[in-house]
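Just so you know, the protein sequences line up as chains A and B, in that order.
Residue 891 in the numbering used here sits at position 207 of the first sequence; the count goes up by one each step and never skips.
Residue 98 in the numbering used here sits at position 86 of the second sequence; the count goes up by one each step and never skips.
Since the hints were derived computationally from the structure, they do not count as laboratory data.
Ideal Cβ placement from N, Cα and C applies to all residues, glycine included.
27 Å max Cα-Cα, derived DSS-like pairs, lysine-lysine:
hint	chain 1	residue 1	chain 2	residue 2
1	A	Lys874	B	Lys196
2	B	Lys371	A	Lys800
3	A	Lys773	A	Lys874
4	B	Lys187	B	Lys291
5	A	Lys888	A	Lys874
6	A	Lys773	A	Lys888
7	A	Lys1005	B	Lys196
8	B	Lys196	B	Lys291
9	A	Lys874	A	Lys1005
Stretches of chain B that chain A covers, calculated by requiring three or more beta carbons in the stretch to come under 8 Å of a beta carbon on chain A:
hint	stretch
10	199-207
11	330-340
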Amino acid sequence: MQELIDLLTGAGREIFGPATAAFALAAIGLNVHFGLTGLLNMGHAGFMLLGMYGYAITVRETGNMWLGILAATVAAIVFGLLLGWPTLKLRGDYLAIVTIAASEFVRFLGRSQVFKDLTGGSTGIRGTDFKEPFESLSPFPDKLVTIGPFTMHGSRSSSWWLVVVAWVIVGLFALLFWRLANSPWGRVLKGIREDEDAVRSLGKNVYAFKMQALVLGGVIGAFGGVLFALANAVQPDSMGRPTTFWVWTLLLLGGAATVFGPILGSILFWVSLVTVRGLAGWFIPENVMSATEREPFSLVLVGITLMCLVVFRPQGILGNKRELVISG
Amino acid sequence: MIKTLDRRTVIRALIVFVVGAALLTIAQIAVGDSAAAAPAAGTETAIAQAADAAAGSADLTDVEDPSVVEEDPGSPNPSGTTSRPLQLLFNGIIFGLLLALASVGLSLIYGTTGLSNFAHGEQVSFGAVLTYFLTTQQPVGLPFIPNDFVIGLPLIPAALIAVAVSAFTGWLQDKYLWSPLRRKRAAMVQQMIVSIGLSLALLNLLQWWIGGRRLRLTTAIDERWTIGPIVVGRTALFSGLIAIVCLLGVSFFLLRTRLGRATRAVADNPSLAAASGIKVDSIVRLVWIIAAGLAGLGGILLGLYDQGTAFDAGARMLLLMFAAVTLGGLGQAFGALAGSLVIGIVVEMSSLWLSTDLKIATALIILIGVLLVRPQGILGRAERVG
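Take the sequences, apply the hints, and build the full model.
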């Protein structure tokens, strides 16, 4: 019985946990890319990792949180421009190839021994090095706080303070996405998604619009990375290709091109991931699947979910089949 | 070919190369002691690394090798610097050939179906992991089966079985996944995301199956010979020869046989090929079988050459494979070959002035440069790709 309660609280915590918010924010960024503009960004984890590094390194060196956010933004803008420049004039899969390559490259650079003094090599940057300025703003008490069945620290790491801030930010960006998607600018992007040539024939600079969308989505992704770093630590290997694919899965699960799709997708994704891991530990005996094998097992399921979603329900849970037919 | 490049694109490409190179060099010098140590302490560590990469041998000989260079000033190549570029060139050619094995299939699949198969890296790992599974003397298990057992086949039969099974997975994939998707007329983007889901599933399946540690395909100690200015390992030499034979076989198939000609026809124009009586679906299935088999073989040879493999060996290669395929021209089988050789050589040679950690960066710079100047690649036809 106690196990069941543990499982339920564990899964329940994922509904509002900081990682859920961080991935929801990253998925909003990807939604600007894919949902609005139809860009196939397969390197979203690269944007997130750059945001993490930009924030963590700047805060570690200067102690100023706002400079850190600025650095994360600038890093994402530069990365977006660099990736968009050669690829946005070409067919969609070139962007996919370059972004997947570039994000792996960011990770390789991060883990490289050459930049060890800056990025901490493959061990990354410890949370204590950069979390202090953010945590010192917390109005919550500096101890464990229990609300209902959930116990978290008031202001350290995965804290109630971070939860509140993260969801406020997610809410703000969801609002921004909603306004943008219904603005003239957003309508041009949707036009590009549906038929690039038609938009070009109306005299719009398609390249510039795509570039703006890529950069904006990338910056939102970088903020998602910063939130994730504040909840955990900066660890280059946590932002590999699989992370990009998670973001894609949860975006397509919730529904691309919708305002609440990324949020719902992120919640469902994390709740089911934790539940599956818990149930696997429960029902499958240890000699058939050890604890270390549960993680890859659950990710195999994520991969299969992604495949099935794309084939059978490309519009996701909230999406409108007429609005978003994946094409190209 | 030169006429089609206008001056602006050339300048853009030059800027990318120069800025990329400059940034990497500056960053390397600017950042910390470890970086300063890398070029300075250069020769011996670099030679050790080069030799390490060169001729897949046991750790024993790795330790030996630099000491030979240091303690033997009277050797024909004092300080070893004269031989280093040549050694790296040789390594690069071998590496390029092995890379070509992996990427030819990727290119063929793209050519005949239009799919950028992101799960191709996992096919490469699969061949290597399966060989390990069949040869190792350590107890291994399968997912969901609690008992561990030892198979312990000799290397060569195990490798043959692994290639055959890899080819079979190609057939399986096409039969039950890609062919139904094509029949459903699923959009290319949709198929691409499916391949990404497949890659995620397979990657984790391999990790679940074999674990995260580094796997050695063979424990035999490698012989190596000094030929002129370079050191040649037996494994490297034989891997290269096998790769050449297989690539010649693929070229012969594509150029001289009826099926190969049909394959090229499908790659050229599927509808026209179908109209002239070619069974497009069977050709595509054949391409999947060949591609998966070659990828498996490439994985095995790379695992031997690098003295080890892992569940994510292929995933790490994906960047290089895509760079090679794009450089050669997406969909051009011979382009993939040329592109792989260029990428292999450049990546290996880059360790002359970059730390080995960063050599993969050159592949990315080439990729971006090619897309700016000649997105259709070396051998691709000039057509509208946007």
